[in-house]
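Student: Here is how the chains run, residue by residue.
Protein chains: 6
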Amino acid sequence: MVDRYSTGLKNLEKIHPEASKALMENLKDIAPDLGRFVVEFPYGDVYERPGLDLKSREIATIAALTAIGDTKPELKDHIKGALNVGCNRQEVIEVIIQMAVYAGFPRAINGINIAKEVFNEIDGKK
Amino acid sequence: MVDRYSTGLKNLEKIHPEASKALMENLKDIAPDLGRFVVEFPYGDVYERPGLDLKSREIATIAALTAIGDTKPELKDHIKGALNVGCNRQEVIEVIIQMAVYAGFPRAINGINIAKEVFNEIDGKK
Amino acid sequence: MVDRYSTGLKNLEKIHPEASKALMENLKDIAPDLGRFVVEFPYGDVYERPGLDLKSREIATIAALTAIGDTKPELKDHIKGALNVGCNRQEVIEVIIQMAVYAGFPRAINGINIAKEVFNEIDGKK
Amino acid sequence: MVDRYSTGLKNLEKIHPEASKALMENLKDIAPDLGRFVVEFPYGDVYERPGLDLKSREIATIAALTAIGDTKPELKDHIKGALNVGCNRQEVIEVIIQMAVYAGFPRAINGINIAKEVFNEIDGKK
Amino acid sequence: MVDRYSTGLKNLEKIHPEASKALMENLKDIAPDLGRFVVEFPYGDVYERPGLDLKSREIATIAALTAIGDTKPELKDHIKGALNVGCNRQEVIEVIIQMAVYAGFPRAINGINIAKEVFNEIDGKK
Amino acid sequence: MVDRYSTGLKNLEKIHPEASKALMENLKDIAPDLGRFVVEFPYGDVYERPGLDLKSREIATIAALTAIGDTKPELKDHIKGALNVGCNRQEVIEVIIQMAVYAGFPRAINGINIAKEVFNEIDGKK
Numbered sequence: 001m002v003d004r005y006s007t008g009l010k011n012l013e014k015i016h017p018e019a020s021k022a023l024m025e026n027l028k029d030i031a032p033d034l035g036r037f038v039v040e041f042p043y044g045d046v047y048e049r050p051g052l053d054l055k056s057r058e059i060a061t062i063a064a065l066t067a068i069g070d071t072k073p074e075l076k077d078h079i080k081g082a083l084n085v086g087c088n089r090q091e092v093i094e095v096i097i098q099m100a101v102y103a104g105f106p107r108a109i110n111g112i113n114i115a116k117e118v119f120n121e122i123d124g125k126k
Numbered sequence: 127m128v129d130r131y132s133t134g135l136k137n138l139e140k141i142h143p144e145a146s147k148a149l150m151e152n153l154k155d156i157a158p159d160l161g162r163f164v165v166e167f168p169y170g171d172v173y174e175r176p177g178l179d180l181k182s183r184e185i186a187t188i189a190a191l192t193a194i195g196d197t198k199p200e201l202k203d204h205i206k207g208a209l210n211v212g213c214n215r216q217e218v219i220e221v222i223i224q225m226a227v228y229a230g231f232p233r234a235i236n237g238i239n240i241a242k243e244v245f246n247e248i249d250g251k252k
Numbered sequence: 253m254v255d256r257y258s259t260g261l262k263n264l265e266k267i268h269p270e271a272s273k274a275l276m277e278n279l280k281d282i283a284p285d286l287g288r289f290v291v292e293f294p295y296g297d298v299y300e301r302p303g304l305d306l307k308s309r310e311i312a313t314i315a316a317l318t319a320i321g322d323t324k325p326e327l328k329d330h331i332k333g334a335l336n337v338g339c340n341r342q343e344v345i346e347v348i349i350q351m352a353v354y355a356g357f358p359r360a361i362n363g364i365n366i367a368k369e370v371f372n373e374i375d376g377k378k
Numbered sequence: 379m380v381d382r383y384s385t386g387l388k389n390l391e392k393i394h395p396e397a398s399k400a401l402m403e404n405l406k407d408i409a410p411d412l413g414r415f416v417v418e419f420p421y422g423d424v425y426e427r428p429g430l431d432l433k434s435r436e437i438a439t440i441a442a443l444t445a446i447g448d449t450k451p452e453l454k455d456h457i458k459g460a461l462n463v464g465c466n467r468q469e470v471i472e473v474i475i476q477m478a479v480y481a482g483f484p485r486a487i488n489g490i491n492i493a494k495e496v497f498n499e500i501d502g503k504k
Numbered sequence: 505m506v507d508r509y510s511t512g513l514k515n516l517e518k519i520h521p522e523a524s525k526a527l528m529e530n531l532k533d534i535a536p537d538l539g540r541f542v543v544e545f546p547y548g549d550v551y552e553r554p555g556l557d558l559k560s561r562e563i564a565t566i567a568a569l570t571a572i573g574d575t576k577p578e579l580k581d582h583i584k585g586a587l588n589v590g591c592n593r594q595e596v597i598e599v600i601i602q603m604a605v606y607a608g609f610p611r612a613i614n615g616i617n618i619a620k621e622v623f624n625e626i627d628g629k630k
Numbered sequence: 631m632v633d634r635y636s637t638g639l640k641n642l643e644k645i646h647p648e649a650s651k652a653l654m655e656n657l658k659d660i661a662p663d664l665g666r667f668v669v670e671f672p673y674g675d676v677y678e679r680p681g682l683d684l685k686s687r688e689i690a691t692i693a694a695l696t697a698i699g700d701t702k703p704e705l706k707d708h709i710k711g712a713l714n715v716g717c718n719r720q721e722v723i724e725v726i727i728q729m730a731v732y733a734g735f736p737r738a739i740n741g742i743n744i745a746k747e748v749f750n751e752i753d754g755k756k
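Protein chains in written order, with our numbering: chain Z, 1 to 126; chain V, 127 to 252; chain A, 253 to 378; chain D, 379 to 504; chain E, 505 to 630; chain Y, 631 to 756.
The reader is advised that the hints may include incorrect statements.
Here are the simulated DMTMM-like cross-link-like pairs (lysine to aspartate or glutamate), alpha carbons at most 25 Å apart as the crow flies [stated by the list, open to error]: (1) A/307 / E/537; (2) A/324 / D/448; (3) A/324 / D/431; (4) A/280 / A/305; (5) E/580 / E/517; (6) Z/28 / D/431; (7) E/514 / A/375; (8) Y/702 / Y/655.
I should point out that these hints are in silico values taken from the structure, not numbers from a laboratory.
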């Protein structure tokens with residue numbers, strides 16, 4: 001049997017190493033098992049699957065999080081994750097702009113503002 | 127000034143030629159301008175943009191439509207569209223399965239059932 | 253104390269008389285109190301309030317139901333209701349088209365298809 | 379290491395035995411791993427947890443599915459599941475009515491219609 | 505005829521006494537009738553109904569608010585309310601974790617962070 | 631061919647002049663084309679259409695934004711916009727209260743709090 005937790009940690013480290021630590025730290029007192037589930041199911045089971053490359057997986061996730069709304073912390077993490085697995089900034093922006101078509105302009109504008117925040121953090125701007 | 131309608135039609139023909147005709151036919155008596163807007167804005171403006179390839183755009187759209195829910199006709203069209211621009215069936219399935227993580231299992235199961243319907247239509251099965 | 257149920261019935265009769273009867277009939281065996289709540293709260297309390305005319309209230313409701321999704325029976329009733337309190341068909345269509353901006357094109361296209369169904373029923377077409 | 383699949387199957391059998399078989403059958407050709415994930419994560423990991431009894435878990439699920447919308451197959455299964463683990467019909471109805479407060483009347487009315495369909499199936503009525 | 509307002513206030517006092525006062529205070533200048541409706545319909549009509557105990561009602565509400573998203577003030581109030589009517593902290597946490605299955609991980613993680621905030625407030629921690 | 635950008639700017643100036651400038655400023659470095667799309671499609675194409683007056687369009691938009699959730703910046707802008715094109719404060723409040731019926735009380739209460747913030751800004755109160 002595969003050790004899903006180790007597999008998940010390995011994928012999390014590849015995609016968003018800082019986010020991974022922050023999430024675990026945040027959940028450890030109140031719901032450590034939810035932290036474990038995040039490692040095991042999304043990252044140990046789903047992102048490990050063949051059939052779709054990690055870059056495409058991050059594009060799908062950014063699209064969904066933008067469209068769903070009220071997902072700012074996760075969208076920030078996955079924008080960083082997308083950049084870590086090979087997306088460039090323009091690709092991230094294009095996915096978010098495209099959501100204006102499917103989820104309406106407020107979601108797209110909100111998503112772009114979140115991307116701006118992430119890019120500014122990376123560039124050391126406040 | 128670019129002729130957005132012609133650009134949009136060209137992109138629609140490339141992505142989902144049948145869906146394009148059916149949508150126009152369907153809207154022509156009640157809201158022909160909504161049909162025109164679909165051609166001009168999503169397909170004439172957004173899908174025409176450089177910076178993200180069509181295959182990635184369809185992955186983003188399938189992710190969003192699966193996550194949003196109550197979008198069956200559009201999801202069917204975009205699954206066909208994804209296949210038309212270079213996705214294989216496994217990639218479509220992977221995007222939808224991944225939505226279990228971000229939008230919950232009911233959306234993912236619903237999406238897989240819609241994909242099954244599309245694949246069966248293509249294969250001439252009921 | 254105001255008799256909210258009678259007030260609600262009076263407003264329901266004005267806005268969508270057939271829908272009112274169908275809803276009550278439908279709920280009477282399984283959850284008659286939900287039917288009563290529909291009469292009392294939305295129609296006895298809210299639609300009775302001064303400060304916004306019934307036509308504007310129906311415009312607000314059509315906008316919200318289109319945007320929310322998975323509300324077909326209610327959207328059908330309120331399209332009929334809007335026509336009953338003074339909206340014309342073009343106004344109904346415009347509200348729904350506008351939702352492409354705020355909730356995305358799939359919701360708007362879905363709403364237009366529902367409006368088409370209602371108009372065809374009224375015109376005696378299948 | 380715990381065998382999550384066996385644990386999940388055991389819980390699925392307890393909660394909704396027919397639904398379990400139908401879901402697996404439905405997914406087996408197109409996305410068997412999604413079927414496996416349903417067994418392992420929701421039923422093997424989550425429903426197995428101590429700290430909340432199965433009846434309360436089904437109440438939570440019915441509330442969420444009613445509120446989310448476009449979840450009819452899952453809501454039908456979980457209404458049956460709730461009855462299988464000790465809820466009575468009135469409790470199911472009360473949870474759904476309560477959703478009028480948090481997710482609006484259209485979701486509650488839709489949920490009640492789905493409950494009616496389930497109760498009629500159980501009672502052998504069409 | 506029952507005095508719904510008094511009934512509602514009584515239930516609100518039982519479930520979340522502080523939240524009740526804060527909500528009324530907040531709405532009194534701009535929309536006092538919305539405050540009155542909150543007392544009368546959810547608390548005077550719905551929570552007063554027999555057929556489902558208050559603890560189960562709060563479990564249903566926490567599930568729905570977590571799944572819906574963008575409901576932080578209400579979720580905070582109902583987590584306190586759940587504790588006031590007999591849920592323990594673990595039960596609250598379990599309901600929220602379970603929402604990962606039905607509404608996706610971002611909603612569950614967001615809900616857990618809100619629960620953490622509530623528990624810290626109760627414990628006098630910042 | 632109509633110059634959609636100029637038409638859009640003209641409508642934006644009429645509806646919410648300050649919001650228009652702030653949005654463009656905000657998007658100009660990261661996604662200027664999204665800013666252009668906002669001018670051209672919603673304001674150049676949709677709000678320019680005959681068949682529904684601007685006041686009714688703003689009522690529809692406030693209803694939808696309140697119902698959708700997680701749209702605070704847009705809802706603030708459109709509350710100001712509604713006042714600019716002829717709605718009075720009571721009409722804005724009524725539309726938002728009505729959303730309790732269709733999208734649940736949390737969305738309505740959240741919307742009223744946002745309206746309060748807008749009215750206080752206009753009145754020079756903090």
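Student: Hint by hint, work out which the structure violates, then give me just those numbers in ascending order.
Tutor: Violated: hints 3, 4 and 7.
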